[in-house]
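K.L.:
Quick note, the sequences are listed as chains C and P, same order. Numbering-wise, this note's numbering puts 391 at position 66 of the first sequence, and it's gapless, one number per residue. Numbering-wise, this note's numbering puts 59 at position 46 of the second sequence, and it's gapless, one number per residue.
Hint data in this document are derived by calculation from the structure and do not stem from the laboratory. Just so you know, even glycine gets a beta-carbon here, dropped at the ideal spot from N, CA and C. Among the hints, a few may not be true.
To be verified - Label-pair ranges, simulated between beta-carbon atoms:
1. Leu598/C to Ala97/P: 32 to 40 Å
2. Leu404/C to Asp86/P: 27 to 35 Å
3. Thr486/C to Gly283/P: 45 to 53 Å
4. Ser296/P to Gly457/C: 49 to 57 Å
The primary structure of each chain is shown beneath.
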Amino acid sequence: MFGIAVDGVAYGMILFIISVGLSVTLGLMRVVNLAHGAFAMVGGYVASYAAQTLGLPYAAALVVAVALTVLATLPLETLLYRRIYGHANELSQVLLTIGLTFVIVACVNYLFGPTLKRIPLPDALLGTVSLGPKAIPTHRAFVIGMGAVTLLGLWWLLERTDFGIRLRAAVDDPAMAAALGIRTERLYMATFALGTGLAALGGVLGAELLPLEPYYAIRYIVLFLAVVAVGGAGSIFGSAAAALALGVTDTAGKYLIPNFGEFFFYAALILILFRWPHGFFKGRTA
Amino acid sequence: MATHLRTALFGAVFGLALGVGGASAATVKVGVIAPFSGPFAMVGKTFKEAIAVYQAENGKTVGGDTVEFIFKDLDQANPAQSKALAQELIVKEKVGYLAGFFFTPDALAVAPLIDEANIPAVIFNAATSAITEKSPRYVRTSFTLWQNTVPLAEHMARQGIKTVVTAVSDYGPGIDGETAFKTTFEKSGGKVVDTIRMPLKSNDFAPFMQRIKDSGAEAIYAFLPAGPTTLAFAKAFADNGLKEKGIKFFGPGDITQEPDLPALGDAALGITTTFNYSQAHDSAKNKAFLAKHKELFGSSDTVTFTSVGAYDGAHVIYQMIQKTGGKPDGLKAVDAVKGMSWESPRGPLTINPDSRHVTQTIYLRTVEKVDGKLQNTEQAAFADQPDYGYKVGK
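Isolated chain C, as found in the complex:
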């Protein structure tokens, strides 16, 4: 039982870290960003290239991946995303971002080829750590820690800083915020950068579980959307709670009745959304 709980929490934390970027773009900025998976994949590929071909250590590869992904996607914000912000543009958002996903998939396939890529782990993250009677892979423990840090960091950023206050104001009433002298365009750009940076972070940290290949961007997008939908758009704690709930349900289901497969994951998704149609924590933008 303890084993299931530990594995479930570990899986949930990985789900959280790979979906939290989407929670920022979809939840706070109200952009249905289906290219989230593609940004995560770009981050993963950059890290893989930096670590394997350039021989950078893991931590450096991680930083390079996040930084380069943010730099590469910022022009996209100015050129494309800026035109589709807002409630009325949901169809355009879906069309644009899914198109962007296909373009990125094709580029990655062309540049890196269709084979699986890996990000070599440093020795410190290999092996297992024991938690009482249960041993879990060190890498997973590391991801849990990073997840917790991200969670607290985002909470602090959004609730306790000037940036967070302005951002919340800009999201709630863009016209009023602008009238009060808040530079909403810059604010949106920064938030977009935050979202893609988190996507890249998730792509790198989650690569052990969701291996990198060109179709990563499309293969796992349902998983990301499920976590954000259950958590409630825009709520960081909601996403964390959702990821943990789904992780534990899925793990318990697979352990106890493996032949039912993914049944429990989707059953939990349906039941939670039936009871809380807006997710666990109704987002501040709703």
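Position chain P relative to chain C; hints supplied.
P.N.:
Same frame as chain C, but now just chain P:
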């Protein structure tokens, strides 16, 4: 009614096609249906390259007829699309042969077409035993799950392994593997303590690993389709301490196919598999094949089981064309290669006259690191393995 009309129309069109195409017979076209884009694009690439190697070695003509391969992209398992492509190839391109087929449903879907048009279909991969039962015009040059699993189960029993857990992906070939393993292993005196069927889309394998650990089995038999899930599975096996605990990892060779080995990394070390082809197979024919491949494409790192499937498939098609003198008659062409034996890069092959599937040597291999590169090193060979799954339970 609609079906009858379509059949009649189709017959008429094909009849005309024969009338026109039969007169000159200077070019024999072969339609290859396989994934050339999408997540399985690697497969199409290996098919195409292997055919190019075969043509580079053996020329592009057979008895005065030029052989032309036409490639059609089918990016995922999609039987309706497979049928549509086959129809297009037969009616529009007037192909005399169909080939390729990575997924079982895609191969099965063309059975009525090849019977109606009397065209042979040479399967380069699709590995469910039942396929060749569905039409007398199927010939297969790959392997089946039964063919790989039976010698493995017998080997494990001989090693004194008593308890095994099977963990397979929950789809056709996975269940074929599970059945083949359970039947053979229990007949040899072993015990399968748990059978786990994992969803094809699983990402997290930790719960399955915990279950395997708790079952107390000495070894696992695992089968997943080659690709990202296999990688996650092998990693989970190492990461969750099953390897340390001494649980032995066995399975068919799909899980350690050559293109995936670099990504699997050290997690793959020690995995023991049975399969029909290893890039590291030590024979003159294989060395020549790899050398030619490298000469044409710059690298032979991705040469794998789908490569030899296509290479030998091309050989079978060449033989069919030669033995029928380039005249289009599917049944005659298939009859002409029944019982045929030849030497392939993987070893000796014979087409079994009943199952029209290749009888071949299945090798026992272990993943090892040689000169810093992972490879499937052959440990033992089980000669003349037929498709044990042909008409099983019929």
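K.L.:
Next step is simple, just say for each hint if it's right about the structure.
P.N.:
So, going through the hints one by one against the coordinates:
no.: 1; hint: Leu598/C to Ala97/P: 32 to 40 Å; in the structure: holds, 38 Å
no.: 2; hint: Leu404/C to Asp86/P: 27 to 35 Å; in the structure: holds, 32 Å
no.: 3; hint: Thr486/C to Gly283/P: 45 to 53 Å; in the structure: holds, 51 Å
no.: 4; hint: Ser296/P to Gly457/C: 49 to 57 Å; in the structure: holds, 53 Å
Hint check: no violations occur; every hint is consistent with the structure.
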